[in-house]
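Protein chains: 2
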Amino acid sequence: MECATRVTYIHIPSNVALIMSNSLAPDLERWFTEHDARHLDELFAFLRIPSVSARSEHNDDTRRCADWLADAVRAAGLTAEVHATKGHPVVLGEWRGAPAGAPTVLVYGHYDVQPAEPLDLWSSPPFEPTVRDGRLYARGSVDDKGQLYLHVKALEGFLAVRKSLPVNVILLAEGEEEVGSENLAEFVEANRERLTCDAVVISDSSMFAPGLPSILSSLRGLAYFQVDVVGPTSDLHSGSYGGSVVNPAMALARILATLHDADGHIAIPGFYDAVQDWDTQARADIRALPFEDEHFRAETGAPSLGGEKGYTTLERIWSRPTCEVNGLLSGYTGEGAKTVLPSKAMAKVSCRLVPDQEPAAIEALMKAHVARVAPAGVTVTVTHLHGGRPWRAPLAGPLYDAARRALAAAFGREPVIVGEGGSIPVVGDFQRILGAPVLLMGFGLPGENAHAPDEWMAVENFQKGMRAVSALYEELGAQ
Amino acid sequence: MECATRVTYIHIPSNVALIMSNSLAPDLERWFTEHDARHLDELFAFLRIPSVSARSEHNDDTRRCADWLADAVRAAGLTAEVHATKGHPVVLGEWRGAPAGAPTVLVYGHYDVQPAEPLDLWSSPPFEPTVRDGRLYARGSVDDKGQLYLHVKALEGFLAVRKSLPVNVILLAEGEEEVGSENLAEFVEANRERLTCDAVVISDSSMFAPGLPSILSSLRGLAYFQVDVVGPTSDLHSGSYGGSVVNPAMALARILATLHDADGHIAIPGFYDAVQDWDTQARADIRALPFEDEHFRAETGAPSLGGEKGYTTLERIWSRPTCEVNGLLSGYTGEGAKTVLPSKAMAKVSCRLVPDQEPAAIEALMKAHVARVAPAGVTVTVTHLHGGRPWRAPLAGPLYDAARRALAAAFGREPVIVGEGGSIPVVGDFQRILGAPVLLMGFGLPGENAHAPDEWMAVENFQKGMRAVSALYEELGAQ
Numbered sequence: 001m002e003c004a005t006r007v008t009y010i011h012i013p014s015n016v017a018l019i020m021s022n023s024l025a026p027d028l029e030r031w032f033t034e035h036d037a038r039h040l041d042e043l044f045a046f047l048r049i050p051s052v053s054a055r056s057e058h059n060d061d062t063r064r065c066a067d068w069l070a071d072a073v074r075a076a077g078l079t080a081e082v083h084a085t086k087g088h089p090v091v092l093g094e095w096r097g098a099p100a101g102a103p104t105v106l107v108y109g110h111y112d113v114q115p116a117e118p119l120d121l122w123s124s125p126p127f128e129p130t131v132r133d134g135r136l137y138a139r140g141s142v143d144d145k146g147q148l149y150l151h152v153k154a155l156e157g158f159l160a161v162r163k164s165l166p167v168n169v170i171l172l173a174e175g176e177e178e179v180g181s182e183n184l185a186e187f188v189e190a191n192r193e194r195l196t197c198d199a200v201v202i203s204d205s206s207m208f209a210p211g212l213p214s215i216l217s218s219l220r221g222l223a224y225f226q227v228d229v230v231g232p233t234s235d236l237h238s239g240s241y242g243g244s245v246v247n248p249a250m251a252l253a254r255i256l257a258t259l260h261d262a263d264g265h266i267a268i269p270g271f272y273d274a275v276q277d278w279d280t281q282a283r284a285d286i287r288a289l290p291f292e293d294e295h296f297r298a299e300t301g302a303p304s305l306g307g308e309k310g311y312t313t314l315e316r317i318w319s320r321p322t323c324e325v326n327g328l329l330s331g332y333t334g335e336g337a338k339t340v341l342p343s344k345a346m347a348k349v350s351c352r353l354v355p356d357q358e359p360a361a362i363e364a365l366m367k368a369h370v371a372r373v374a375p376a377g378v379t380v381t382v383t384h385l386h387g388g389r390p391w392r393a394p395l396a397g398p399l400y401d402a403a404r405r406a407l408a409a410a411f412g413r414e415p416v417i418v419g420e421g422g423s424i425p426v427v428g429d430f431q432r433i434l435g436a437p438v439l440l441m442g443f444g445l446p447g448e449n450a451h452a453p454d455e456w457m458a459v460e461n462f463q464k465g466m467r468a469v470s471a472l473y474e475e476l477g478a479q
Numbered sequence: 001m002e003c004a005t006r007v008t009y010i011h012i013p014s015n016v017a018l019i020m021s022n023s024l025a026p027d028l029e030r031w032f033t034e035h036d037a038r039h040l041d042e043l044f045a046f047l048r049i050p051s052v053s054a055r056s057e058h059n060d061d062t063r064r065c066a067d068w069l070a071d072a073v074r075a076a077g078l079t080a081e082v083h084a085t086k087g088h089p090v091v092l093g094e095w096r097g098a099p100a101g102a103p104t105v106l107v108y109g110h111y112d113v114q115p116a117e118p119l120d121l122w123s124s125p126p127f128e129p130t131v132r133d134g135r136l137y138a139r140g141s142v143d144d145k146g147q148l149y150l151h152v153k154a155l156e157g158f159l160a161v162r163k164s165l166p167v168n169v170i171l172l173a174e175g176e177e178e179v180g181s182e183n184l185a186e187f188v189e190a191n192r193e194r195l196t197c198d199a200v201v202i203s204d205s206s207m208f209a210p211g212l213p214s215i216l217s218s219l220r221g222l223a224y225f226q227v228d229v230v231g232p233t234s235d236l237h238s239g240s241y242g243g244s245v246v247n248p249a250m251a252l253a254r255i256l257a258t259l260h261d262a263d264g265h266i267a268i269p270g271f272y273d274a275v276q277d278w279d280t281q282a283r284a285d286i287r288a289l290p291f292e293d294e295h296f297r298a299e300t301g302a303p304s305l306g307g308e309k310g311y312t313t314l315e316r317i318w319s320r321p322t323c324e325v326n327g328l329l330s331g332y333t334g335e336g337a338k339t340v341l342p343s344k345a346m347a348k349v350s351c352r353l354v355p356d357q358e359p360a361a362i363e364a365l366m367k368a369h370v371a372r373v374a375p376a377g378v379t380v381t382v383t384h385l386h387g388g389r390p391w392r393a394p395l396a397g398p399l400y401d402a403a404r405r406a407l408a409a410a411f412g413r414e415p416v417i418v419g420e421g422g423s424i425p426v427v428g429d430f431q432r433i434l435g436a437p438v439l440l441m442g443f444g445l446p447g448e449n450a451h452a453p454d455e456w457m458a459v460e461n462f463q464k465g466m467r468a469v470s471a472l473y474e475e476l477g478a479q
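Chains as they are written, first to last, in the working numbering: chain Y, 1 to 479; chain X, 1 to 479.
These are calculated hints, taken from the structure and not from any lab test.
A virtual CB, placed ideally from N, CA and C, is assigned to each residue, including glycine.
One or more hints might be untrue.
What the hints assert, rightly or not - Cβ-Cβ distance ranges computed for the label pairs, FRET-style:
id, chain 1, residue 1, chain 2, residue 2, range
1, X, ALA364, Y, HIS295, 37 to 43 Å
2, X, ALA364, Y, ALA185, 57 to 63 Å
3, X, LEU385, Y, ASP293, 35 to 41 Å
4, X, GLU294, Y, LYS86, 35 to 41 Å
5, X, LEU385, Y, THR379, 26 to 32 Å
6, X, GLU128, Y, GLU182, 51 to 57 Å
7, Y, HIS295, X, THR85, 43 to 49 Å
8, Y, SER304, X, ALA185, 43 to 49 Å
9, X, GLU358, Y, ALA288, 54 to 60 Å
10, Y, ASP133, X, LYS86, 37 to 43 Å
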């Protein structure tokens with residue numbers, strides 16, 4: 001996902017009771033137990049390839065990684081092709097042996113990784129996987145090679161033990177997720193028929209807490225703007241001109257201050273019109289999650305939490321839209337004093353959106369609002385830089401029912417339904433282009449350092465994850 | 001002066017009548033006419049020395065310039081010493097031959113200049129003085145070598161023609177004005193007795209318009225702050241955390257927006273308590289000056305002018321205090337979109353002060369106000385970086401009467417009394433340490449490009465300036 005860092009805000013109180021559930025079928029469990037050591041070895045080999053998509057010096061590694069993955073997919077019993085794109089290749093695996101009329105599941109993941117820098121902050125080298133205290137440390141361990149590879153191994157196990165799958169499977173792995181998935185939508189569009197499916201399954205997110213399997217219920221969308229305020233044609237002396245010319249930095253501050261009211265509600269007229277409030281049950285479910293504000297606050301280092309009045313912290317992150325300043329720049333920003341009246345001031349301002357807010361509609365509202373409050377004496381421009389729609393999972397239906405049972409079988413307790421404040425644009429793309437529901441079932445954990453030094457994945461979750469996925473196939477077959 | 005650029009906002013309407021006045025004594029006029037060409041040649045030599053005080057590679061040039069000036073002062077008939085400081089030297093000239101009981105005048109100027117960069121924007125090399133269309137182009141021409149040297153030549157002329165001066169004269173020229181006059185106050189303190197005087201005369205400012213001799217009536221003071229807002233200990237992902245943590249950049253904008261009301265009045269409680277409103281006559285005098293808002297606006301390039309309700313543009317600059325944002329910095333400021341929730345936000349905020357506002361009192365009011373409006377969830381610190389008192393000229397008394405008559409004699413019309421929105425800290429230092437009134441009588445012109453490429457001084461003003469100064473000595477002798 002596009003997170004700069006994954007959230008690590010969870011502290012599980014010791015009194016959370018585990019709910020035992022059905023366990024995995026004994027034949028599958030036996031096979032996975034026999035092969036767990038080999039699977040970990042193979043994942044090590046996958047992780048040793050520095051497939052850093054953002055760095056052209058790693059282009060050969062990234063290509064080699066795609067080939068390695070295609071081989072692994074073939075070894076699992078699927079066909080596999082490596083498709084060139086304008087950027088890094090797409091690996092496409094297929095198994096089409098299900099009975100006539102059986103549904104098709106598309107599994108999506110990515111084999112590229114974030115840059116490993118700063119290297120000196122790693123406790124062990126990023127491309128030499130190491131297990132310490134049950135955690136597998138390596139760049140890409142959880143984001144997303146470990147989570148992608150457990151799908152490959154689940155397919156291999158199911159095919160090895162049962163000789164067949166109850167559904168047709170397409171495995172689609174891209175090599176550009178960490179650089180914006182620029183060629184993925186085009187690839188999916190171009191291969192729409194071949195990729196036709198009844199469900200998309202993605203494991204590229206985190207569980208709410210250790211031992212707490214989680215299904216993602218929502219993602220926020222995004223509307224990202226740049227606000228430019230221009231006054232005089234060049235910086236002026238604040239003594240010789242100050243007081244007679246509108247100060248662009250002050251004008252910008254006054255504009256930004258109109259975006260919220262005193263209670264933290266966004267004050268752009270019409271902003272909430274399309275927001276679908278979460279129902280009482282969904283809000284109660286969020287409140288029932290093991291979450292402590294103080295633990296979350298301490299982890300951010302902020303003096304206290306804050307936000308929109310009338311909502312809890314998790315509601316503010318998952319269910320409510322935001323309007324944030326992401327950056328400010330104007331005039332003199334060095335050390336000491338310089339008496340400049342700036343010619344211009346810039347703010348990056350972005351809104352996280354919730355269903356059914358549309359980025360284009362929010363863009364229009366933002367532009368109209370800023371035009372209304374902009375003072376005379378400066379020219380104010382709002383540019384829309386980037387946008388993405390919010391997403392909400394259907395949560396009901398056979399796919400989600402199967403996922404709930406499968407996660408319970410692998411983890412020994414019912415999954416929780418959790419939200420996500422960030423955005424994963426490919427989710428919307430799959431839903432839009434393929435018209436299939438998407439299931440986000442992640443096996444990461446809070447504090448796993450995705451995109452940061454010392455990225456890790458819990459070995460237990462790698463192993464339970466592949467059991468959960470094989471249980472998912474079993475559940476889908478039982479339907 | 002500390003201006004980044006001198007104001008060039010004047011357009012003289014053609015219907016301004018010139019008031020003829022007494023002219024300079026014929027013996028003095030004859031001498032100056034005979035020597036004008038030589039004086040210009042000497043100024044050329046002075047300007048060719050690149051005494052850039054800010055650049056250590058020019059330290060030898062700056063030292064050489066001090067020696068050159070000391071020689072010129074001796075040639076004019078004064079004694080001269082070059083005093084070392086922690087930085088660049090001070091040149092001290094003296095003539096103490098006046099009758100017992102005669103007053104002492106201290107003339108202050110500076111021989112250092114601003115860096116000349118960017119060199120490619122100069123029409124002729126900055127240290128090769130060139131006259132084009134009556135303008136002498138060179139770095140330092142008007143700021144301040146030309147204005148300092150006309151004092152040296154006025155003294156030489158008066159002594160050559162009259163063999164004596166009616167007052168004792170101290171000529172004090174520093175080499176660090178363009179780098180903050182860091183060692184000047186200490187030098188004046190250390191030599192307080194020797195520098196004891198009855199008046200200080202400074203020519204380092206501009207006339208309101210061509211042909212319009214001007215006496216400066218006021219300078220604004222300064223209280224310069226840095227406002228730091230800190231929230232989380234590091235930048236957070238705006239998706240994963242946005243809405244639950246107070247955004248420091250947004251908090252800063254909301255704080256800055258409280259500094260003014262909708263009419264442009266400063267909304268810090270108590271801010272105007274010490275402001276001495278200008279009397280009706282002073283405001284009428286300002287309104288009578290040849291000034292056009294539209295010309296001023298066009299020169300700044302701003303879409304329209306703005307400021308405190310109830311005041312004209314010149315009143316806003318000269319007579320009213322301000323509160324300006326000089327700089328803003330927070331979060332991501334590069335190209336494109338980065339979804340960061342910044343850990344901190346910074347603003348440079350400065351107030352221009354008018355009599356009798358005290359920087360220390362404004363500091364206390366600013367800190368109390370910001371503490372009052374700062375939201376929970378962030379830590380806000382206000383640091384006072386730099387301050388200076390405002391200044392108002394006495395305007396009455398023998399020194400100012402003499403200056404009015406002297407300027408009228410040299411320029412053929414009565415001088416106007418003008419304000420200055422910027423600050424010249426040495427003025428307050430002289431007044432405070434030496435207890436003498438200060439006369440600011442400048443011969444620059446709007447648009448002269450001080451501190452910018454193509455700095456120039458009108459040759460006519462260099463010549464009329466030295467006549468005005470010699471007339472000042474004559475007027476002081478007649479008192």
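Structure-based check of each hint:
| no. | hint | in the structure |
| --- | --- | --- |
| 1 | X/ALA364 with Y/HIS295: 37 to 43 Å | holds, 39 Å |
| 2 | X/ALA364 with Y/ALA185: 57 to 63 Å | holds, 58 Å |
| 3 | X/LEU385 with Y/ASP293: 35 to 41 Å | holds, 37 Å |
| 4 | X/GLU294 with Y/LYS86: 35 to 41 Å | violated, 54 Å |
| 5 | X/LEU385 with Y/THR379: 26 to 32 Å | holds, 30 Å |
| 6 | X/GLU128 with Y/GLU182: 51 to 57 Å | holds, 55 Å |
| 7 | Y/HIS295 with X/THR85: 43 to 49 Å | violated, 59 Å |
| 8 | Y/SER304 with X/ALA185: 43 to 49 Å | holds, 45 Å |
| 9 | X/GLU358 with Y/ALA288: 54 to 60 Å | holds, 59 Å |
| 10 | Y/ASP133 with X/LYS86: 37 to 43 Å | violated, 59 Å |
Hints 4, 7, 10 from the earlier list are contradicted by this structure; the remaining hints agree with it.
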